[in-house]
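Peer 1: Sequence:
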Amino acid sequence: GAGWDSPRFNFDHPPGAKVNIFGNGFSIVATSDDMARAGILWLNQGRWKDQQLVPADYLKEATQTNQDVLAIEPEAQWKYGLAFWVNDHGKLWPDLPRDAFAAAGAGSMHVFVCPSLDLVVTQTPGPWEDADKTERQAELLMRVVGAMSG
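FYI, the numbering for the sequence shown is 1 to 150, going by my numbering.
Be a bit skeptical, because a hint or two may be false.
DSSO-like mimics (lysine-lysine), calculated; alpha carbons at most 30 Å apart, straight line [said to hold, decoys possible]: (1) Lys91 <-> Lys133; (2) Lys49 <-> Lys60; (3) Lys60 <-> Lys133; (4) Lys60 <-> Lys91.
To be clear, the hints were calculated from the coordinates, so they are not data collected in a lab.
Kindly produce the complete structure, drawing on both the sequences and the hints.
Peer 2: The structure is reproduced here in structure tokens:
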């Protein structure tokens, strides 16, 4: 059986932090294969083989800009769902499909998913400088999308 080690931690919140919107941090220790499996689960709307492991309605909501973000943040910040970075308003990666989303962690640990392209890409620390910057992420993803289309 597989399993994930999930260290717990928390951080100090500034006064007035919207914890009910953004919550707290957590960590998962995972390999690229583990990350890809999670991405495939999300790509398939929470289904793994013949089992619905994550409710599809939850993933649909989680991978769109959160309603509280839409209500209180400037339009340029409309790129965060429920623990996913989302592109439904084209604010994260303007040149990529609007259904693209990502789980992004510290140290350039990312899982990018684009359902309309049937695509999952994982990124772990490597030769990419500034891999946490959205411009560099878009560059990587555009290279992958370009390679897919020939």
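Peer 1: Each of the hints needs a verdict: does it hold here or not?
Peer 2: We went through each hint and held it up to the structure:
1. Lys91 <-> Lys133: holds (13 Å)
2. Lys49 <-> Lys60: Distance of about 19 Å is within 30 Å: holds.
3. Lys60 <-> Lys133: holds (25 Å)
4. Lys60 <-> Lys91: OK: Lys60 and Lys91 at ~18 Å, within 30 Å.
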